[in-house]
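Engineer: One-letter residues, chain by chain:
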Amino acid sequence: MNKNLVSFLVFVVGLAVFHNAIFPIFTPKEVGWILNRYVYFLLFVAYLIITHLLLRLSPPVSLKGLFVWSVGFYFYDYVLYPHIPWTLFITYMVMWSIGTFLYISQDPETFREFRAPIVKTIIGEYKLARIVVFTALPILVGFATYNTIYPSFQEPVELRTVHPAPPATTKVHGKTYPLESTNNPFRIDEQDNYKDSFPFLDADKHEYMKYVTEGGTIFFQNCHYCHGDQLNGLGMFSHVFNPTPANFIDPGTIAMLQEAFLFWRVSKGGPGLPNESTPWSSAMPPWEEHLKTEEIWKVILFEYWYTGWHPRTFGTEGSTSGGGE
Amino acid sequence: MLPEQHDILFSFLSIMFAVFALYVFGNVIQHCREREGINSTLWGGIFGAMAITCFLMTVHMFSLVQGDQLVFFFSTYLWTILFMLLVWGVFFKSNKIERQSAPIIRAFFFYTTISVLLAGYTNWLPQQRSDPPPKEAAVVGDMTMEEFAEMGRVIIFGAKQVAGQKSIGKGQCPLCHTFDPGDHMGRCPNLFGVEKRSHDRVKEDRYATSPVAVGEVEPASGIVKGKHDEVPEEYRRAGGPDEFIGEDYLRESLMCPTCYVVKGFGKANDTKSPMPVIVKPPISLSRVEVNAVVAYLQSKDTPGEFASVTVPLPQDDAGNTGGAVVEEDSGGDEEEGPVFVTGNEDIQTMINTLGCPLCHTIPGVEGAVGELGPKLHEKINAPERIKDPNYKGKATNTKEYVKESILCPGCYVVFNEEAGESYPDGLMPTTFGEQLSVRALDKLVDFISQTEPPAGS
Amino acid sequence: MLGKNTRSIGTLSLGLVLALAIYLIPGMTGIADAKEAFAEQVFAEEAFAKEVQAEEAVEGEGEPEIEWSQDVFYKDWEGNPLKGPVSGYAAPELGPEDYNTYEFAPSRIILWVANQQHLYFGSFVLAVPIFCMIIEFIGIRTRDDDPVMADKYDRLARDLMKVSLTAYSWTAILGGILLFTFITLFPGFFKYMAGIFRPVMHVYALMFLAESGVLYVYYYGWDKMMDDKFLKWIHCSLSVLLNLIGTVLMYLANSWATFMQAPGGIDSEGRFLGNIWHVIHSTLWNPVGVHRILGNIVFGGGIVGAYAAYHYLTAKNEEEKAHYDWVCYVAMFIAIFGLIPLPFAGYWLMKEVYAFRQQMGITLMGGIMAWLFIIQAVMIGLLFFGANSYLHNGMARVKGSHRYMKYCKYMVLLLICCFTMWMTPHTIVMTPAELKEMGGAQHPVVGHFGVMSAKNTAVNLMITCTVLCFLLYQRANKKITVPWATVGNCWITAIFIGAAANIIFLGVYGYFLPANQRVGLSVPQVTSTLTTLFAGTAINISMFKDSESYGDIQWGTQSKVGTYAIFLLAISFTWLMGLMGYIRSSVRLFWHVTEVVRDNSVDAYTLTIGEAGKMLTFNALFVWVQFVVVFWVGSLTAKKIPAKAPEGVPVPAQQQQ
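Chains as they are written, first to last, in the numbering used here: chain A, 1 to 325; chain B, 1 to 457; chain C, 1 to 657.
Excised from the complex, chain A in its bound form (with noise of 0.2 angstroms):
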C-alpha cells in the first residue's frame, strides 16, 4: 500500500480515536496532573511520532505540512480550554500558519517538495484532485460568503485598556494631587519591612498597623461587597459585574501601580475615568463622595499590606533595589 496513504490514515484514524474515545477519559471532572487535557495532547503527538517511526513511514513534506498545521489547530481549538476569544485564536492560528510555513520552507528541497504536489494539481497531472479541487473551490468561496453576508446578531465587542492613563492631576476634595510625586501619607514605614508580618499584626508597629486596620475597616465597610473578602474579586457581587472587578493577588493589578493611580481611580472611579479608549464599563462608583481623603489613602495602604505587594515606585531607589536582586 502507499506509504504516504498509510501515513494519512494514521493520523486521521488516530486523531478520530483518540478525540472520541480516549479525549473523555483525559477530561474528568477533577483534575489532575496525569489526568488533564494537555497530557492527552503530548500522548497524541507521542503517538504521531512513534507510529511514523515505528512504520518507517516518511511522508513528504507537503503531508507533515499538513500535519503540523492540524495538530495546531486541533491544540487552539478543542485541546486548550476553556476555549480562547477568536481574536487571540486568529492570531494564534497565524503563529502557527507562519510556523509551519517556516518549517516548510527552511531549505529550497523541502519547499520544492511541498510545491511539487500543488504544482501537479493546477497543471493537470493529478486529474482527479484538479478536477475535486476546482469544483470545491468554487463552493468554498461561496460558502463563505454566505456565512459572512448571512446576517448575525453578536454581542458587540468589549475593548477595554486596563490600565487607563491617568491625568497628570487629580482633584480630590478640592484639593491638586500631582499624580507622579503624590505618596501614601500613611505610608510610615521603610518599605517591605512589614512584609514578613503577614497576616498577622505586627506588635512593633503601632502605628503603621493602626492604619492598616483602620483601612481593613473601611475596606470591609465599603469594598468586600466587590472586591471580595480575599482581596481577590470575587465579592458577593462580582459575578454581575462585566469586566469582573479587580483581582488585587493577580500580579497584574496594584502590584505594577503607584499609590497614586490607585487613588486617582478610588476616588474618581468608573465616571472618572478618561475619554479615550471609551467605552469604559468600569461599575466602581467615584469613592470621594463617600469617603474622606485619608480614608482612602488607609484603604489603599490596607490592599498592599493584605496582599503583600508593594507599591510600583519609579526613580532611583525602585530600579536599584530591583536590579539587586
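To be clear, the hints were calculated from the coordinates, so they are not data collected in a lab.
Treat each hint with caution, since some may be false.
[Said to hold, decoys possible] Derived lysine-lysine pairs resembling BS3-like cross-links, with alpha carbons at most 27 angstroms apart: (1) A:K64 <-> A:K127; (2) C:K224 <-> C:K162; (3) A:K3 <-> C:K409; (4) B:K443 <-> A:K210; (5) C:K406 <-> C:K478; (6) C:K409 <-> A:K64; (7) C:K560 <-> C:K406; (8) C:K545 <-> C:K478; (9) C:K75 <-> A:K175; (10) C:K83 <-> C:K409; (11) A:K171 <-> B:K93; (12) C:K83 <-> A:K64; (13) A:K120 <-> C:K478; (14) C:K409 <-> A:K120; (15) B:K394 <-> B:K379; (16) B:K394 <-> B:K375; (17) C:K399 <-> A:K64; (18) B:K272 <-> B:K203; (19) B:K379 <-> B:K399; (20) B:K93 <-> A:K127; (21) A:K175 <-> B:K280.
Note that the coordinates shown come from a computational prediction; the quantities given were computed from them, not determined experimentally.
Starting from the known structure of chain A, fit chains B and C onto it as the hints suggest.
Structural biologist: Quick look at chains B and C alone, frame taken from chain A:
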C-alpha cells in the same frame, strides 16, 4: 482623515495599478513584436483596453470619498487587476511565466501585499480615536476668576448639587439665606441683587447709625464698622480705592453680621443678627475663602460675567500671605469632603463639625450661642416635651427623644415661647443620619441628654 | 587559506563591534555619569547665573530689570527648578489663523508624510557612510592577505556610495519640501520653534554644507586615492569625518523633535531662558540619538539587502549572482548586528520618558498607544521569522550543513512558541459570551503569558535561539579538528542550556515578585542572552582553528525563499521604523510642545490605529517607489564594470570558512 477626504493609501495604490497596467500593455506589445505567430491585434487590443480601463478606474477613484474608495478598490479594482494577471498568464501560456514577470513586479506585489496586510491588521484591532480634552480642563496652575467664583459657590452650596434638594456647603449659608429672585422663605435676607445693594447700602442713613455707628467697634465680632482699613490684617483688603466700597460691605457683613441688620431680620428690634461670624468657628473661612465668597456674590447675578468682581484672585492678592495654596490646604481634606463623624472625636469637635452651634445654644460648648433653634437644655426639656399632647413621636425617655430629634427634626417642632410662635420647621437638616456613625450618635445623644441651663441663669 | 578566512570573519565582526562601540561611546558615557556630571554642570551654571544676577544688580541700577524665570525641566543641585533669564517671548496661544489647510487631506497627515519621507531618506543616507566606513576599513585591512577580497570590499563600498549620492540630493529636496510644508501649514507653531532654535537652524544648514563637501571629495576622490597606501588611509578617515558630520547633523535635527516631546530650557510659559544648550540637550536627546543611529544602521542594512536581493534576482550571469548573494549576506549581517542592541536603546529611551512624565509613559505602554506596541510586537516577530528563515535557507547552500539542518525545525518550534507567548495580550478583545465562557477577563492558561515576565522570557529565548542558529550557520561547512573540540562543544551546549534555564527560571520567579523588583529581573535575563551571543560566538570562532572544510559556500545559489525573506526584512524595517516614529511623535497627544504649546488645530486628535496603519503602509510603499526611482537614476550613469575574477581564485568570497 475626514470621511469627505480621499484615502491616501488607496488613491496611491490605484495610481500604481494604473502604471502597472501600462507596463503590462508595453510588455505584451514587446512580446508580440518579438515572437512569431501571435495575434498581435487581438492581444494588443485586450491589454490596451485593460490599461485604459485601469486608467479610467483610477480617475474614478479620485471622484470618490474615503469610504466609497475603499469599497470600489476592493470590490472592483482589485479583481480587475487579478483578472488582468490571469489573462497575462494565459498570454504567456507554457512560456515559463516566472521568467516573464520582472522581479520588480514581483517585489512590488510582495511589498504591497505585506504592507497592506499590516494595514489590514491595524484595522482589525479596536479603533478608537482620542480627541483632545476640552481646552478649559487643560489649564492647570493659577486660577481664573471663573474658578475663583466657583470656589465661592462651592463654599456656599457644596461641591455636589442634587436636583431638587437644597444642598449646603461648608459655609452653611443656604440654611438661612435664599439666592433666587422671589424666594422669600428664608430666615435671612434674600441675597439676589446683593452686589447692587452693597454699593447703595453704605450710603443709607440707617447704615450710619444702626445698630452701631460707623467707626465704632461692634462688640460681638470686634470689628470697627465702616472702616475697611481697620479690618484685622489677616482679612484686610490690599490696595484698591480708599473709600468703603461694595466689596467691603460684603466682607463686613460676613465678618460682622451685627454691624448692620436688615430690617425685619434681626432680633431685639433688629439690632442683633442671628448670623454667626463667618471667620470664627465653627465656619472659620480663611482670607481666600472669604474673598471667594465675595467674588461669587458679586458675580452670581450675571452668569459668565465677572466684570463686577473687585476682589483679587489669590495669586494676585498682595495681602495674601499664604499664597494660592492656602485655600487648597485648609479648604481641602476635612471640610469640603462629606461631613462625617465617626465618634472618635471629642464632643466639642463633633458638634462643631456637624454645625449645631449655628442654630442652637448648647451649654458646655464654646461658641454655641445660635438662636435659630431651641436652646438645648434637654435634661429638663425632653421629659416635658414627651408629655406634651402635641407630641406624636415614639420616644419614651430623654435619650430616645434626643435621638429622634436629631434623626427626624420634623417629628416634633418646639414652640418658641419668647417669639410666640413655633420654631421654623424644615430648617434643621435631615441628613444627620448619614453623617453620624452609631458610636458618634450615641456619644452625641449622651452629651445632649445631659445638657441643662447654666447654674447662673 | 583556512586560517586566513577565519581571520576574515573575525575582522568583520571585530570591525562591527568597534564601529558600534565608537558610536555608542558618546551616548553611553552620557548615561554613565550623566547624572553627576549634569548636576555639577547645573550647579556651576546656577552659580554663574547668580553672579551675573549680582553684577546686574550692581550695574543695572535704573535700567529695566531682567526677568528671571523657572525652567520646566532642569533642576539644580537641591532639586529646585533652575532659573534663567527670560530671553524670548512666551509660547503663543494658537488660534485658527495659525493653521492653514488643504482640502484633500488634513494638514497633520500631509506634514506626517513629508516628515516621514525625509526621515526615511535621511536615515538611509546617514547609514550608508557608516557601512562604507566599515567595509572600506575591512577592505584595507585585508588587502595584504587577500587582494581579491579586499578589492571586492572596496568595490562594494564604492557602489553603495554611488547609490547614496543620488539619494543624498533627494534627501535635501525632501527636506525642503518638509520645511515648506511646515511653514505653510503650521506658520504659528513654526514661528515659535524658529524663535527658540534660531541659531541651531543656521548651524544645521551650515553643517549640511560641510557634509556635502566632504561627501563629494570622498566619492569623487575615490579613484585618485585608491592606489597609494597613505592616501587610501586618508580617504578612509574622510569617511570617519563624513560620519561625524552626519551624526552631528542628525543630533541637531533630533533636538527639535525631542524638545517638542520633552521640553527643557524654557519656562512654563514657553519663554526661552537664555541657554541654547539646555534647549538642545533636553532629556530625550541622547537616547533618541543613539536609538536613531542604531535604527539607521538597521534600516540602511535592510535597504542595501533588498537592493542586492533585487539585483540577485535580475542577475544575468553567475558572477553577478554570486556577488549580490554575498552583498545580501553582508547587508543582513550588519542589519541584524544593529538590531540586537536596538531594544536596549529603546529601553533607555522609555526609561527617560517615564522619568520625564510618568503619565506619558503610561499613555505609551498602557493607554491609548498600547495597541501600537502590540503591533510593534508583531513586527518584531516578522523580523525574527525573516532573519531565521534567511539563516536556515542560507545554511542549506553550505556543504556539510545537513548535520545541523535537522535541528532547524525544533528551533522553528521554539521560536513559534515564544512568539505565541510574546503575542498574547494582557487584555484580550472579546465578546461578552466569550468572557463568560472563560469565566473571567484572564484566561487560566494563556492569561499567564500576558504579563511582562513572560514576554521578557519569550523575547530573550527568541534572541538566544537566533544566536544559536547563527552559530550553527557559521560552523555549517566545518569539520572541527581542534583537540578540545568535545570540550568546546560541551561548553557551548552548557552556555546555551544554562542561559535558557536561567531565563526561564527568572521568568517564572518574576511571577512571585512585586512589580518594581520584577523589572530588575530583565537585567540578568538580558545578560544571559548577551553571554550566549558573545561567549558562544567567541568559543565557536576559536574552534574553527585548523578546521577542515566540507566545501565552500556556494554563493549565488541563494534560494527564492531566502531572497524573499530579505525583502520581508526590508519592508518590515521600513514599516516598523514608521510605526515607532509615529508612536514617539503622537504620544504628545494634543500638544505641539508638551505642556507648553497646545495644538489648537482641527487635527489635534490622535488617529485611530487603523488610520495610522494605512498611513504607515502608504509611507512605506511610497518611499520604496522613490528608492526604486533613485536607484534607477543612480544606475543610469554606471559603466558596466565586468565583475572579473582572477583565475584560480573562487569568486564567491569565502566569508564563512
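Engineer: Now, for every hint given, state plainly whether the structure supports it.
Structural biologist: Here's how the hints hold up against the structure:
| no. | hint | result |
| --- | --- | --- |
| 1 | A:K64 <-> A:K127 | holds (23 angstroms) |
| 2 | C:K224 <-> C:K162 | holds (16 angstroms) |
| 3 | A:K3 <-> C:K409 | holds (23 angstroms) |
| 4 | B:K443 <-> A:K210 | holds (22 angstroms) |
| 5 | C:K406 <-> C:K478 | holds (16 angstroms) |
| 6 | C:K409 <-> A:K64 | holds (12 angstroms) |
| 7 | C:K560 <-> C:K406 | holds (20 angstroms) |
| 8 | C:K545 <-> C:K478 | holds (10 angstroms) |
| 9 | C:K75 <-> A:K175 | holds (25 angstroms) |
| 10 | C:K83 <-> C:K409 | violated (62 angstroms) |
| 11 | A:K171 <-> B:K93 | violated (75 angstroms) |
| 12 | C:K83 <-> A:K64 | violated (71 angstroms) |
| 13 | A:K120 <-> C:K478 | violated (38 angstroms) |
| 14 | C:K409 <-> A:K120 | holds (26 angstroms) |
| 15 | B:K394 <-> B:K379 | holds (18 angstroms) |
| 16 | B:K394 <-> B:K375 | holds (22 angstroms) |
| 17 | C:K399 <-> A:K64 | holds (25 angstroms) |
| 18 | B:K272 <-> B:K203 | holds (21 angstroms) |
| 19 | B:K379 <-> B:K399 | holds (9 angstroms) |
| 20 | B:K93 <-> A:K127 | holds (19 angstroms) |
| 21 | A:K175 <-> B:K280 | holds (22 angstroms) |
Violated hints, in rising order: 10, 11, 12, 13; the structure is consistent with all others.
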